[in-house]
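*Asks:* Sequence:
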Amino acid sequence: MHSLPDLEADVGGTQEKIERLSQSIRLHLPDSPKRLVHGDYYLANVLFHEDLTVAAVLDFSPHTLIGDPRLDVAGAITFLTLDAGIKSAHIYDLTALAAAKYGEDIHTFIAIYALYYSFYFSDTKEFDPSTYAWCIANLRDDALWERALTS
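Be aware that the sequence shown starts at 705, since it is given in the numbering used here, and climbs by one per residue.
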């Protein structure tokens, strides 16, 4: 299903937003390292040992690619906002851990990839309305855009 008409109706300025995100990606990711990226890395795709260390990552799919490994870090944090059981403090703590490991600019990458995923999954209006609503909310979020476009 093609999502551009839906996005234009529900967000507006779709082509301009795509171009703004593309510019930010070119600015922030010109020489990013290339690694195997799961592309759909969130709680349901991870199995844990009893001590909470990762036992396995499941569901390698068409979302899997070679690219910036921060995509999985940002995705893991971003996708938590889809889970009603996750509190903002959890996201804050996980983001702080990511910043300690990857540097403060991880905030920019989280915003870039949240917007990327919002476009990527914007074809979900008919079969997953809650994900579509999440996409629309992100694409309308001026603060998220500001973080993604900040150099």
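Note that these hints are calculated values from the structure, not bench results. Glycine residues also receive a C-beta, built at the ideal position from the N, C-alpha and C atoms. A hint or two may mislead.
[Said to hold, decoys possible] Keeping only pairs whose Cα atoms sit at most 30 Å apart, straight-line, the calculated DSSO-like set for lysine-lysine is: (1) Lys791 / Lys721; (2) Lys805 / Lys829; (3) Lys791 / Lys829; (4) Lys829 / Lys721; (5) Lys738 / Lys805; (6) Lys805 / Lys791.
[To be verified] So the derived label-pair ranges between C-beta atoms look like this: (7) Arg724 / Ala788: 28 to 34 Å; (8) Asp735 / Asp832: 18 to 24 Å; (9) Gly716 / Leu740: 17 to 23 Å.
*Asks:* Would you check the hint for Lys791 and Lys829, treating anything up to 30 Å between C-alpha atoms as holding?
*Replies:* 25 Å, holds
*Asks:* When you take the CB atoms of Gly716 and Leu740, is the distance between them in 17 to 23 Å?
*Replies:* This hint is violated: roughly 36 Å between Cβ atoms.
*Asks:* Mind checking the alpha carbons of Lys738 and Lys805 for me, to see if they're no more than 30 Å apart?
*Replies:* 18 Å, holds
*Asks:* Hinted pair, alpha-carbon criterion (30 Å max): Lys805, Lys829. Please report holds or violated.
*Replies:* This hinted pair is violated, its Cα atoms lying about 35 Å apart.
*Asks:* Within a Cα-Cα threshold of 30 Å, do Lys805 and Lys791 meet the stated pairing?
*Replies:* 22 Å, holds
*Asks:* Does the beta carbon distance between Asp735 and Asp832 stay inside 18 to 24 Å, or does it fall outside?
*Replies:* Because 35 Å falls outside the window, the suggested range is violated.
*Asks:* Taken at face value, is the distance from the CA of Lys721 to the CA of Lys791 at most 30 Å?
*Replies:* 29 Å, holds
*Asks:* Between Lys829 and Lys721, does the CA-CA distance stay at or below 30 Å?
*Replies:* Within the cut-off at roughly 19 Å; holds.
*Asks:* Using the Cβ atoms, figure out if Arg724 sits within 28 to 34 Å of Ala788.
*Replies:* 30 Å, holds
Checked against the numbered hints above, the structure breaks hints 2, 8 and 9 and satisfies the rest.
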